[in-house]
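Using the hints provided, position chain A with the ligands relative to the given structure of chain E.
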Amino acid sequence: MSASADLAQIASAAKADAPPAIELAGVNKWFGALHVLRDVNLAVAPGERVVVCGPSGSGKSTMIRCINRLEMHQEGRIAVEGIELSDDVRALDAIRREVGMVFQSFNLFPHLTVLENCTLAPIWVRRMPKKDAEELAMELLARVKIPEQAKKYPGQLSGGQQQRVAIARALCMRPKIMLFDEPTSALDPEMIKEVLDVMVELAGTGMTMMVVTHEMGFARQVADRVVFMDQGEVVEVGTPDQVFNAPKTDRLKLFLSQILRGH
Amino acid sequence: MSDASISTGPRKPPITAVGPIAWAKTNLFSGWLSTAVTLALGYLLIKAALSFVDWAFINAIWSVPSNAQGPQTQICRDMQGSGACWAVIGEKHRFMLFGTYPYEEHWRPALACVLFVVLYIISAIRRFWRWELALVWIGMLTAIGMLMWGGIFGLSYVPQERWGGLPITLILATFGLAFAFPLSILVALGRRSSLPAIKVLCVLYVELIRGVPLISLLFMASVMFPLFLPEGMNIDKLLRAQIAIILFAGAYLAEVVRGGLQALPKGQYEAADAMGLSFWQKTGLIILPQALRMVIPPLVNTFIGFFKDTSLVLIIGIFDLLTAGKTAIVEPAWQGFGVEVYVFIGSIYLIFCYAMSKYSRGLEAELNRHRHR
Ligand SMILES: Nc1ncnc2c1ncn2[C@@H]1O[C@H](COP(=O)(O)OP(=O)(O)OP(=O)(O)O)[C@@H](O)[C@H]1O
Ligand SMILES: [Mg+2]
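Line order of the protein sequences matches chains E and A.
Going by this note's numbering, the first sequence runs without a break in its numbering and finishes at 263.
Going by this note's numbering, the second sequence runs without a break in its numbering and finishes at 636.
Same shape as in the complex, but just chain E (with noise of 0.2 Å):
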């Protein structure tokens, strides 16, 4: 095992004993008679930056939806940042407003500007005065390097200027969890560096991230932890080294050879 896991490994473990940013406790979904999440238990420390990854199908989007409740979980207790999900809205709200969402295909609004897209939930979530969330928008536009698009609209970017612009997006909101889901699946390959670049920089910040993605470089980059899902369940987690070159179980084995030709 190589002295950069070990690291990695002490880090998580310190980290482990912060009360947890996300936690999914006997966690059960079914779409219909179909059981998507099987027992789900997983959790996140704060600032910990943690990889999804497993063949398709095998639930990663409906779990790190159901963080955020876009999806509904029948069974098992979900809590971010100590509040727990239930019905109550009032819940829901302040989970929504500490997490930041960045999904496959963007989601950008198509009829407002990039800079009126990143400054409508500061405004109207948390309040703040026009004039604020401008400048929180230019400089965080800044920051995922695209400040000279704010008066476009999203129709007129590229797919890459596009994803960071939902960064962007969601970092307006000045959130504590950010949950990607495939940010970089639906890119041509020259455009996947960029976002990845940001999302670098931006676990370098020590905020805490899910990210679902099959970048395996990324992973080794970044990731404090790997989850490997396979139908519903959460099969192995370990460091990206432990993942990635000791698996200990055929469904894993069988998935990384799959990458691995794919890549």
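Hints listed in this document are in silico derivations from the structure and should not be mistaken for laboratory results.
Model, not experiment: these values are computed from the prediction.
As a list, the in silico DSSO-like pairs of lysine-lysine whose alpha-carbon atoms are at most 27 Å apart:
| # | chain 1 | residue 1 | chain 2 | residue 2 |
| --- | --- | --- | --- | --- |
| 1 | E | Lys130 | E | Lys151 |
| 2 | E | Lys131 | E | Lys152 |
| 3 | E | Lys131 | A | Lys545 |
| 4 | A | Lys529 | E | Lys151 |
| 5 | E | Lys145 | E | Lys176 |
| 6 | A | Lys545 | A | Lys529 |
| 7 | A | Lys288 | A | Lys310 |
| 8 | E | Lys176 | A | Lys529 |
| 9 | A | Lys500 | A | Lys589 |
| 10 | E | Lys193 | E | Lys152 |
| 11 | A | Lys545 | E | Lys176 |
| 12 | E | Lys130 | E | Lys176 |
| 13 | A | Lys545 | E | Lys151 |
| 14 | E | Lys145 | E | Lys193 |
| 15 | A | Lys529 | A | Lys462 |
| 16 | E | Lys176 | E | Lys193 |
| 17 | E | Lys152 | A | Lys529 |
| 18 | E | Lys152 | A | Lys545 |
| 19 | A | Lys621 | A | Lys571 |
| 20 | A | Lys571 | A | Lys500 |
| 21 | A | Lys545 | E | Lys130 |
| 22 | E | Lys145 | E | Lys131 |
| 23 | E | Lys130 | E | Lys145 |
| 24 | E | Lys151 | E | Lys131 |
Just chain A with the ligands now, with coordinates in the frame of chain E:
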């Protein structure tokens, strides 16, 4: 070398490939058959246009002499239809436009119509699309009501039964669409609600109203509705017709709006939810602005349809523009000059509908700019 071809610079296309001549060549004279069709249709078109000009202008009679028995329309009748008798418009336009409203007070409905048009123009300017516009509407409509009814500021009282003509058409259309449009948005949202009671209510409303002709709704409003009301309570006939029109238009518009809501990708809802926007923020800031933009053409189509459908109130005896026109030529002296009257009234409808259609095309282009690179 490739450089050589670039150094000559871009050339204009040959004159035979662009311009009106090229257009005519490809679209009108592309072969012997199309040339023949073009010539035949062109001949018919010119002949029809010439005979219309003959009828409407060259042979037309613009006024007729009058004596103690009233206007002498014999010279119009002698033409036997070869020329228009515009004298009927000159003589009867006041009645067509304002119905049985007291003659000396015609300036009041006239001013009301002007106020309506001003209101339309103000509302059409996007710069004014702010909540204050609602106040302008309330103010203007109150002013119009005071003008029409009178009874204050020294204006004599004119009961609603005596109103007629263009103001009635504008009142029915304006109030109709002003209430039906918001209603339709609520119903369209309600049909997608996760609350079963609201959903069933909205579906029932749309299906019931859509399944019944407007005429029968108007009949119900004028004949049956009063039966359900307690003795002595009487809602104005115009108001009853107005409610029927609002309900009818609302059901149709709701389906148009629902089409727009359905065309919106799910990701838009999810992104708004993930940001923590409330239901009404999400609906007002993200969903409706996009959904309504997408359905501007069918929306305006429905608006125009209802503007004209207000003329159906004639069957319950309300004097709208079209009814007033029909009534104007009941008088024996003017019987038989229906064409002139209908051309006149038709052009009024045409002006309003064409303005709506023209405006909507501009609005559509402007609001959908973001779709173009
Ligand atoms: N809204 C839905 N209704 C019914 N079934 C669904 C729905 N969303 C997902 N599923 C099913 O749930 C299972 C898990 O889906 P999920 O999208 O979470 O997988 P995933 O791991 O994200 O896959 P991918 O890598 O393809 O994105 C799949 O079998 C999918 O078909
Ligand atoms: Mg997925």
